[in-house]
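What follows is the residue order along each chain.
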Amino acid sequence: MKKSWLRDYIIKRLFYSVIIAWGILTITFVLVRAGPTSPADKYLANIAASGQDVSQVIASVEARYGVDKPILEQYADYMVNLFHGNWGWSFSTSMPVTELIKSHWIYSFQLILLSSLFAAVLGILVGIYSAVKQYTRTDYIATFLSFIGVSIPNFWLGVMLILVFSVKLGLFKTYYDTTLPLFSLANLHALILPIITLGTGMLAGYVRYTRSAMLDNLRKGFVTTARAKGLPERTVIGKHVFRNALLPLVTIIMFDLGSIVFGGAYLTEIVFGIPGLGQISFNAIFANDYPVVIAVTLIGTLLVLLVNLVTDITYTYLDPRIRYD
Amino acid sequence: MTKRLQDIARRIGRPFYGNRRLIKYYWERTRRNKLAVFGLAFIAFLILLALIGPLLTLDPTSVNFEEKNLPPVGFATEKSVYNIETDEFTTTEVFGIWKHPLGTDSKGRDMLAMIVSGARISLLVGLIATGIALILGTIIGVLSAYLGGWADNVLMRFTDIMMTFPFFLLLVLIVFIFGPSLAFIVLVIGLTGWTGTARLIRSEALSLRTREFIIAAKALGASDSRVIFRHLIPNVISLIIVIATLSIPGVILAEAALSFIGLGDPTMASWGIILEAGQHSLDTSWWIAVEPGIMLFLTVLAFNFLGDGLRDAFDPKSNV
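From first to last, the protein sequence lines are chains W and P. Sequential numbering of the first sequence, starting at 1, is according to my numbering. Sequential numbering of the second sequence, starting at 1001, is according to my numbering.
Isolated chain W (complex conformation):
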């Protein structure tokens, strides 16, 4: 089937996405530049101690970083640079923002990828089992545990895991070892606690969503038909029910991917000292390193927008009846 309307829809959505990203960029810019803090703040204590003229040093630092100009001019400069692929200069780490992000994004990526895999695979399996065995003891236990998983504050869970497995039992290090090679077994071992910390909430959510999506479809007529045809129960559940339950699940999982970047992953990186994007933007906020803050916010936003768009497009392939206008 030709989907010419889909192309128009994607173009329209991309246009909206650019507007939204621009709006968020502007809000972030105004917030960080209009606030009373300055990148010179961190020098103030030393300067005051050495008896230099504080205002002069502030002026020179601000001139060096270009934050002494009127805010509109700074904004125009920033936008022009952005279009040329120049994301600015990080004050606190003394390197281009693009370099900083290039060397750190992989840590966030591997954490989020592994946690999502863990949560999605386990969550969907438990959810299916729970729905098929509805109202049995296993189902009640799974439902109850999923409530607990959804409610447990993930930063606290991280601290508790460190307390039990690192401090008391000594099975893991209390901090993340950055010298380990990426995607190696040793690295996976070091990431076990962070993956559980970030994954538990998602896992519990997926169990609940899978269960309710499966239950919705289990009662439908085509399932009765399939059973009446004499199909084995495995085929009925695996092909007929699960495939139809997949549609709402895909949305939830994709949406989660977008939102955990700045929710759970952010806190998990801070608890375990993983040097991902969350950690660098957190450090940048405390160091008044505006270009990094704006860049990470923009990247997160673009990621969320992209994921939402991809979700909606995937939808049309999973369910050809869906049309957007």
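These are calculated hints, taken from the structure and not from any lab test. The reader is advised that the hints may include incorrect statements.
[Said to hold, decoys possible] 27 Å max Cα-Cα, derived DSSO-like pairs, lysine-lysine:
#: 1; chain 1: P; residue 1: K1218; chain 2: P; residue 2: K1068
#: 2; chain 1: P; residue 1: K1079; chain 2: P; residue 2: K1068
#: 3; chain 1: P; residue 1: K1079; chain 2: P; residue 2: K1099
#: 4; chain 1: W; residue 1: K220; chain 2: W; residue 2: K133
#: 5; chain 1: P; residue 1: K1034; chain 2: P; residue 2: K1024
#: 6; chain 1: P; residue 1: K1068; chain 2: P; residue 2: K1107
#: 7; chain 1: P; residue 1: K1068; chain 2: P; residue 2: K1099
#: 8; chain 1: W; residue 1: K168; chain 2: P; residue 2: K1068
#: 9; chain 1: W; residue 1: K173; chain 2: P; residue 2: K1079
#: 10; chain 1: P; residue 1: K1034; chain 2: W; residue 2: K133
#: 11; chain 1: W; residue 1: K239; chain 2: W; residue 2: K220
#: 12; chain 1: W; residue 1: K168; chain 2: P; residue 2: K1107
#: 13; chain 1: P; residue 1: K1003; chain 2: W; residue 2: K168
#: 14; chain 1: W; residue 1: K229; chain 2: W; residue 2: K133
#: 15; chain 1: W; residue 1: K133; chain 2: W; residue 2: K239
[Stated by the list, open to error] With the Cβ distance kept under 7 Å, some of the chain W side facing chain P (calculated, not the full set):
#: 16; residue: S151
#: 17; residue: I270
#: 18; residue: T297
[Unchecked claim] With the Cβ distance kept under 8 Å, some of the chain W side facing chain P (calculated, not the full set):
#: 19; residue: L31
#: 20; residue: I162
#: 21; residue: P248
Virtual Cβ for every residue (Gly too), placed ideally from N, Cα, C.
Fit chain P to the supplied structure of chain W, relying on the hints for placement.
The following block gives chain P in isolation, referenced to the frame of chain W:
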């Protein structure tokens, strides 16, 4: 002014206070869900704790270095004391005492008293911020649905922007820039947390707008404000209650997370602030991080249980 407010409150509350049978029906449906009843009971206990608890406990701010780092009753820790005359460390076992049932922190403050006064702060944060977010969300949602056209477009695009904004990062940013006072944190959470409510209320109001009783009311000459306050809002009130119950724990957690990363109000010992202090002394006094976390967890769990139960009770299609 107050008379007008009373009038509005009466109209909004009407489907509940004016209809005892409906309340009874909802209560019967909620009561069948045991987890929801547990949630309600725990929340009631928590509110009671926040209201009168501080009168019954020790002073949460009184410092006593003689009794610092005491474990909870029933637990023991090892404590090393340096003796200046013999120049050696003596390790003794320290047991919890009933004067401080939940132990003490590194300054000898009573943990029970701190947890109880933390309950007051965390609950207030949850209730006020959710209140602000709900009122804003309802106003924007109803206006958007009711006005339609370009006003709807502008409001919804703004909602889109706010929804896509990485919420927690925005919170961290604003609180860092403008300083961590509790009132400000509550305000910021309220002013940024209305988007989901606005969307839901809008879609609900849009479907209501075309229903016969609203068209009839308009045909009979009802003013816009009468249609909104007498017909639209009372019909979305059950939805609002469910959203409120389910978003309070999120707000409490947001404040705790902020405090946890060092951006809490240092003058207000909320659970998050206690937890933050506790994570640095995990190896010596684990209970300081464990206790406020358990309270946070139980509170969130209780609100989730109740919210889930209420949602099922208010939805006539569901079979509890």
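Hint check:
{"no.": "1", "hint": "K1218(P) - K1068(P)", "result": "violated, 69 Å"}
{"no.": "2", "hint": "K1079(P) - K1068(P)", "result": "holds, 11 Å"}
{"no.": "3", "hint": "K1079(P) - K1099(P)", "result": "holds, 19 Å"}
{"no.": "4", "hint": "K220(W) - K133(W)", "result": "holds, 17 Å"}
{"no.": "5", "hint": "K1034(P) - K1024(P)", "result": "holds, 17 Å"}
{"no.": "6", "hint": "K1068(P) - K1107(P)", "result": "holds, 5 Å"}
{"no.": "7", "hint": "K1068(P) - K1099(P)", "result": "holds, 13 Å"}
{"no.": "8", "hint": "K168(W) - K1068(P)", "result": "holds, 21 Å"}
{"no.": "9", "hint": "K173(W) - K1079(P)", "result": "holds, 24 Å"}
{"no.": "10", "hint": "K1034(P) - K133(W)", "result": "holds, 21 Å"}
{"no.": "11", "hint": "K239(W) - K220(W)", "result": "holds, 14 Å"}
{"no.": "12", "hint": "K168(W) - K1107(P)", "result": "holds, 23 Å"}
{"no.": "13", "hint": "K1003(P) - K168(W)", "result": "violated, 62 Å"}
{"no.": "14", "hint": "K229(W) - K133(W)", "result": "holds, 22 Å"}
{"no.": "15", "hint": "K133(W) - K239(W)", "result": "holds, 17 Å"}
{"no.": "16", "hint": "S151", "result": "holds, 4 Å"}
{"no.": "17", "hint": "I270", "result": "holds, 6 Å"}
{"no.": "18", "hint": "T297", "result": "holds, 6 Å"}
{"no.": "19", "hint": "L31", "result": "holds, 6 Å"}
{"no.": "20", "hint": "I162", "result": "holds, 7 Å"}
{"no.": "21", "hint": "P248", "result": "violated, 17 Å"}
Hint compliance for this structure: hints 1, 13 and 21 are not met, and every other hint is.
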